[in-house]
Amino acid sequence: SSGINAEWPLRPGAQRMLGISKRDEDDNELVRVHNSKFYQDYLPDENKRYSCVHCQAHLAYHNDIISKSFHGSQGRAYLFNEVVNVRIGPPEVRQLLTGRHSVSDIYCACCKTTLGWKYEFAFERSQKYKEGKFIIETVHMVKDNGWARDLMY
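Just so we're on the same page, the numbering used here is the position in the sequence shown counted from 1, plus 179.
Worth double-checking, as some hints may not be accurate.
Pairs of lysine-lysine residues, derived as DSSO-like cross-links and limited to a Cα-Cα distance of at most 27 Å, are as follows [claimed, not checked]:
1) 227 with 247
2) 227 with 312
3) 291 with 322
4) 312 with 291
5) 307 with 247
6) 227 with 322
7) 247 with 291
Pair by pair, the computed Cβ-Cβ distance ranges are [stated by the list, open to error]:
8) 311 with 224: 23 to 31 Å
9) 223 with 303: 36 to 44 Å
10) 242 with 277: 31 to 39 Å
11) 246 with 279: 15 to 23 Å
12) 300 with 246: 12 to 20 Å
13) 278 with 226: 31 to 39 Å
14) 304 with 225: 17 to 25 Å
15) 293 with 241: 21 to 29 Å
16) 302 with 224: 36 to 44 Å
17) 305 with 224: 34 to 42 Å
18) 254 with 305: 18 to 26 Å
Everything labelled a hint here was simulated from the structure, so no lab data went into it.
Where a beta carbon is used, it is the ideal one built from N, C-alpha and C, also for glycine.
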């Protein structure tokens with residue numbers, strides 16, 4: 180199954196700790212509480228990083244940005260080589276601005292917010308560089324560690 184897993188390789192210098200995730204969801208006027216255990220990765224303080232704006236879970240290093248020239252449904256988005264603390268949904272084919280792709284939505288492992296998507300497969304040769312890479316919309320990220328804690332514009 181997709182998502183964060185204790186067996187996934189740990190990034191150099193990162194720490195992994197067991198956490199418990201809770202989220203209330205409104206489903207046909209019923210409120211359900213989901214409890215699940217997950218392993219959260221903590222990226223070391225030596226590098227600038229991005230965290231989830233909703234729960235402050237670490238998401239990625241600044242150095243893992245491939246491009247800042249992407250757009251999602253809620254505005255600007257960054258393409259990352261690697262991310263941590265995300266769960267990956269099932270793949271589906273979508274027609275995006277740059278062509279047809281197979282993508283999987285990605286969710287914060289801690290608060291379950293949809294952050295963006297992972298490119299699973301690009302149907303056009305010119306888009307193959309995106310395969311296996313991650314999009315996170317800037318509305319869901321905050322600069323962390325050494326930067327001012329403000330939302331990106």
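Structure-based check of all given hints:
no.	hint	result
1	227 with 247	holds (16 Å)
2	227 with 312	holds (19 Å)
3	291 with 322	holds (19 Å)
4	312 with 291	holds (20 Å)
5	307 with 247	holds (18 Å)
6	227 with 322	holds (8 Å)
7	247 with 291	holds (24 Å)
8	311 with 224: 23 to 31 Å	holds (27 Å)
9	223 with 303: 36 to 44 Å	holds (37 Å)
10	242 with 277: 31 to 39 Å	violated (24 Å)
11	246 with 279: 15 to 23 Å	holds (19 Å)
12	300 with 246: 12 to 20 Å	holds (19 Å)
13	278 with 226: 31 to 39 Å	holds (33 Å)
14	304 with 225: 17 to 25 Å	violated (38 Å)
15	293 with 241: 21 to 29 Å	holds (22 Å)
16	302 with 224: 36 to 44 Å	holds (41 Å)
17	305 with 224: 34 to 42 Å	holds (38 Å)
18	254 with 305: 18 to 26 Å	holds (24 Å)
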